[in-house]
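Participant: Residues per chain, in single letters:
2 protein chains.
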Amino acid sequence: MKYRQNGKFKRTILEADLNVASFFFLLGLISAKENIACCSFPCQNGGECLTIDVDDYKCDCYGLKFYGKNCEIPTWSQQFYEWLEPDLESVYLMATKYQYIWNIFNSLINSLTTINDRIRQSKNPQKFIKQSSNNQSLYSLILPPVPKNCPTPLGVAGFKNLPEISRVAELFKRSEFKPEPMGFNLLFATFAEHFSYMFFKTSIENGPDFTWSSQSVDLSNIYGREIYDQNILRSFNQGKLKSQIIDGEEWPPLLEKAPVKMYWPNSVPTKYRFAMGHKYFSVHPGHLMWSTLWLRQHNRLCDVLTQSYPNWGDEQLYQTSRKALNAIMSKMVLEEWLTMLSPYKLNNKLRNKNFQYQRRIFLEYKLFSHWHGLIPDHLSINNTIYTTKNFFFNPEILFKHGLPNFIESLIKQSAGRVGHHNYNPATIYVVVDAIIQGRNLRLQSYSNYCRHFGIKPPKTFLELTGDYAVAKELEELYEDVESIELFVGVMCSRREGRSLFNILQLEFGVASVLYAINSNPIASKKWWQPSTFGGEEVFNIIEKSTFQRFICNNIKGRCPRFSFKVPWWNSDYEKSFYMAEWAANRKRHDNLWFDS
Amino acid sequence: MKYRQNGKFKRTILEADLNVASFFFLLGLISAKENIACCSFPCQNGGECLTIDVDDYKCDCYGLKFYGKNCEIPTWSQQFYEWLEPDLESVYLMATKYQYIWNIFNSLINSLTTINDRIRQSKNPQKFIKQSSNNQSLYSLILPPVPKNCPTPLGVAGFKNLPEISRVAELFKRSEFKPEPMGFNLLFATFAEHFSYMFFKTSIENGPDFTWSSQSVDLSNIYGREIYDQNILRSFNQGKLKSQIIDGEEWPPLLEKAPVKMYWPNSVPTKYRFAMGHKYFSVHPGHLMWSTLWLRQHNRLCDVLTQSYPNWGDEQLYQTSRKALNAIMSKMVLEEWLTMLSPYKLNNKLRNKNFQYQRRIFLEYKLFSHWHGLIPDHLSINNTIYTTKNFFFNPEILFKHGLPNFIESLIKQSAGRVGHHNYNPATIYVVVDAIIQGRNLRLQSYSNYCRHFGIKPPKTFLELTGDYAVAKELEELYEDVESIELFVGVMCSRREGRSLFNILQLEFGVASVLYAINSNPIASKKWWQPSTFGGEEVFNIIEKSTFQRFICNNIKGRCPRFSFKVPWWNSDYEKSFYMAEWAANRKRHDNLWFDS
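Residue numbers (the working numbering), protein chains in the order written: chain R, 1 to 596; chain D, 597 to 1192.
If you are wondering where the hints come from, they were derived from the structure by calculation, not from laboratory data.
Hints should not be assumed to be uniformly reliable.
What the hints assert, rightly or not - For lysine-lysine, the following PhoX-like pairs were computed, each having C-alpha atoms within a straight-line distance of at most 20 Å:
1. R:173 / R:160
2. R:526 / D:853
3. D:661 / R:525
Said to hold, decoys possible - Negatives, chain R to chain D, calculated, CB over 12 Å:
4. 165
5. 245
6. 266
7. 388
8. 393
9. 480
10. 530
11. 562
As the structure is a computational prediction, the values presented were derived from the model and not from experiment.
Think of the CB as a built atom: it goes at the ideal place given N, C-alpha and C, for glycine as much as any other residue.
The whole structure should be built from the sequences, with the hints applied where relevant.
Facilitator: Here you go:
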């Protein structure tokens, strides 16, 4: 992990000493003593900052391959290593452009090497946890928080106070809908949300550091939170989950038949109040759709197993089907979802290694995952137009149009671009929340996170955004490019050509999902064998599972052609989209004065 | 992991088929269909057995380097590997005898390689967990349980019913006290118990598969079970734990001042009812002693930190001291405790790698850890003799004699030998409990566990025990050496020369403790640096910590010379002990008829 130093950064160190002196003078010895000298983050290459005296600090370079006052001098071996290692941007270029090289690479090299590297990237074991204990309900941090009592909220850069949240929120409000440039559709958006509800379970009572349940990728969003809820959702008959038949099709049970904790507003009629594994799956019919598909798949697996093993009891059937469903999920997410999200042209194959990680979610990852820009202003389901507001808490839509039409409509409609100026007014509160969380957690600046991940931090606002107008807005809010908050920086930064996200978000996000999948041992070598899933038959189902099969096998009638991208998407579409946007951008801002 | 096949084992496969046929005839299709063909454990080398039909099975060799009906044929690469790899017994001999080789080895090779191998031994990730879910309160199993409806309780070997528990318990009752042959003393015994209470927390309500709290090595036995209890034990002043001063010395607080859940019998006066981090630490004054030492060390660390950082709040002081205490524990346990227990002459140094494992305790490890043979019939504290019964629930002893005398007395007194015919009548219930648990969990036979660990299973009872009389007793109980229960086999087996345990218990136990320590990230490279512990000062305390310093720094007055072995122990003592025992054994049994 290299920290690339630039002129600006050096300047901030000098500034820090001046600022410290004046700050100390103002506030007096006691409040100023703590860690003031560390506010400029002088320690590089992962060194940790300790205050010795008011204006002196010490960088802890223990165990690093760097030494010196700021851990800035590499050892000989490190110099050699750096000389060998390409920087992240070159890797990115190599990994995304030259498909044919990667085809050879994939067939030769165990791709787990890369995956393990990614996991190492996300820095296992996590260090910055609020408590020293083994409390598994705590999130962790990638970088330590900004010290208290610093001259400015982000250390030494920027204004004395962060901009008002309402002003920052303006950056995110949608004036016109901007479609997702890679062509991701609403099926993608609903799956993203459905999947991430599995592990993002921030406890409102205990604060943004705490979760209210497991942080693992274990389909707990289908099976229920704890044993108590899980048992309510089980039928205890042939291993199956409780369900009901509506018009000849299987659906989750009604809340009155399986009284788990679910948030259904009073406006929803009792006959549409379904019981699902996650209390917030009431939010929109997309959750009900995915939950139903998983439920049907589970119960179908039970049927397959019952036929092979008529003597198995309910418990064995339930546990085996559950393992198999986890395997199906792990296969689909790794091989289709993640390969699609990641620009790296690697086969994400696990299953040839034994591993087991203890997982803690990084709070930064949680912050990045506010993708509500995906949500459009209107949804067209089977040619009926719903406003976003009407779509929420409205499971009736699913029954009115039927599953095939519903899924097809989601496939046909483009999601929104994740980024600035593209949040539906109904979701702006999410942005406000994310910003408040970031401030309460005293997260370091966007630039410091870039340094941590070996990405060149932007020198100017324009370099960050690639867009004149947004750069201007940001400059008014933050003054110094070093003082941009993490969430704002990630959302306002320009994207590399073919990517939903900016490079930091991508690098870290893909590593996080891989790491999450690894926290479930189902995909490790020792578990991935027929006997785990009751024999060859179910194992074959798992090995062959794709999103297309998953959907087709679990709906009745016509099966829509599955895709997470709008059907007319192809590389020409993407290219033309970029060209048009670039031209519009030039046109709009050419006559604006901008000091870059 | 090799399964060494012997004649006996082949025979049981043939027998199985006969037995299956008759059993099927007796019980009828339904109850017999399940897995009967697997009762003889025909699958080798880690293959898993699946029933195809009543008398047919299939071994799942997926992902193994073996193929064939029983996964018995090694691939070419495996044959080459086997040819290279020395067997466990040779490794054991090499690792225990030639100290000078290991001195070179230790200085050259990163000893973590070996440690990682050990962890791999314990087969991460664990596969045999009762539930497929991520329920962290579940223990796991090394080998799958014996299938239901088998001809005999252990598959196909032995009598139709296991011997009555009361008869098995007779094997463990002490007639005369046998001291521990390696010279381990009562301080060792109390620490062993104190340490293992940290993670063995079987839930009585939920059953022997479940724990009531974390399975990690995280000093939760000092700090309390969950956040709620932890907060009761904290003073919220300068990071310290609650305490009281008695005769100028610091002790844990009274239960009325810190009302956590503790089991104090009514007979104990209120002024001796202390509040500690583990509810069973009331059992004997040894726990109170160790708890007090940890508590004093924690509070002393807070003082050191407060001096360096007068501005730190209570929370930061508490969490940092807690991390430091965990580091001290990890250092002492790895470098002194484990090196002493293990016959392998390796330095058990971690801290040069990043790692993180999710930990589940193996139920077999829990079963092995019933070391109550260590407990003598009488304890001499400062020349006062206490019976074991009087020692229990009697914290007054500590105050009557004072900590230095108490510790010295424990050092001087030999613990008992862990094994057959050496359990104090007051602890026989523990044996009964362990046997019942093993039976309820349907654990496989001792011989099958030997095969799993690549140890030659004993062919005769004499080969197992190395003692005529015990072999005779065992034969009467079990008939077939293949049908000995795990716990009984481990406790009745002969020991290698210099060892507290038999080779199976040792191999697995040391791996388990290492794995446990690894579940706490404190000892990984990224955490092990001064800044984690608030700077050089505390880091030096950690780096220098030994049991001797830990005791001396935390008691007032004369400091006893620390040892986990009785002071007069040396290799000559051990040798003479063995010779004497061997001679006595010969003499006692020479005139007994025995068919070997």
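Participant: Now look at each hint and say whether the structure bears it out.
Facilitator: Now for the hints, and whether the structure bears them out:
1. R:173 / R:160: Violated, at roughly 26 Å.
2. R:526 / D:853: 50 Å, violated
3. D:661 / R:525: Roughly 13 Å between the alpha carbons, so the hint for residue 661 of chain D and residue 525 of chain R holds.
4. 165: Per Cβ check, residue 165 of chain R is outside 12 Å of chain D; nearest 27 Å; holds.
5. 245: 26 Å, holds
6. 266: Non-interface label on residue 266 of chain R holds, nearest chain D Cβ at 33 Å vs cutoff 12 Å.
7. 388: Holds: least Cβ distance 34 Å, greater than 12 Å.
8. 393: 29 Å, holds
9. 480: 27 Å, holds
10. 530: 5 Å, violated
11. 562: 27 Å, holds
Hint compliance for this structure: hints 1, 2 and 10 are broken, all remaining hints hold.
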